[in-house]
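Undergrad: Sequence:
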Amino acid sequence: MNANLFGILMEDNSVLNFFYDVPNDAYYYEAVKWAAENGITGGVGNSLFAPNQPCNRAQIVTFLWRAAGSPVVNYLMPFTDVDEGAYYAEAVRWAASTGIVTGLTETTFGTDSVCTRAQAAAMIYRCAQAQGKGFTGAWMFHLPFTDVPEWAYESVAWCYMNSVTTGVSETSFAPGNDCTRAQIVTFLWRAFSK
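Residue numbers (UniProt numbering): 1 to 194.
Treat the hints as calculated values from the structure; they're not laboratory data. Check before you lean on any hint, since a few could be wrong.
[Unchecked claim] Straight-line alpha carbon distances no greater than 27 Å define the calculated DSSO-like cross-link-like pairs of lysine-lysine that follow:
#1 K194 / K133
#2 K33 / K133
#3 K33 / K194
Everything numeric in this text was worked out from a predicted model, so none of it was measured.
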């Protein structure tokens, strides 16, 4: 593993952000660079990105919100477990107002619940739909993955068809696996950087 320091230089040559744990030969290097340059993530502190750390619902929704330009919405917060002063409060409000997320219950968002790969694909697809990029009309697509649950099939199919994900193998998407910070940032980069 190449342990080079990763940095982003601003126009005035100051360093915006850097991550010691993002090797320049990692599959997620360009995605993390894009996310840092665009203010989607600033890492976890101490010059670390924590690429293999599972991502929770609050983090993923915040990444999506920032990728969408941090829109402010006038929408009553439906979840009692989201503190209005939390860094993710506006992101959750936006995601709930657009249908990108639903709660674990009607009143519980589950901010600290780890997101699975299937849940992340569903959020990304709903975000794409909100931007007019989802499937239109009837669609038929056969995924090469044999492990995608019915509820996530359309989302994973859209992600696969748009090169957001290629799965973990030729026949497996691993929908129940935790979605890591490296994976979600890579998914976002592939879905929304163009």
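Undergrad: Does the structure keep K33 and K133 at a Cα separation of 27 Å or less?
TA: 24 Å, holds
Undergrad: Sort out whether K194 lies within 27 Å of K33, counting only the CA atoms.
TA: 14 Å, holds
Undergrad: Hinted pair, alpha-carbon criterion (27 Å max): K194, K133. Please report holds or violated.
TA: 12 Å, holds
Consistency with the previously given hints is maintained throughout, with no hint failing.
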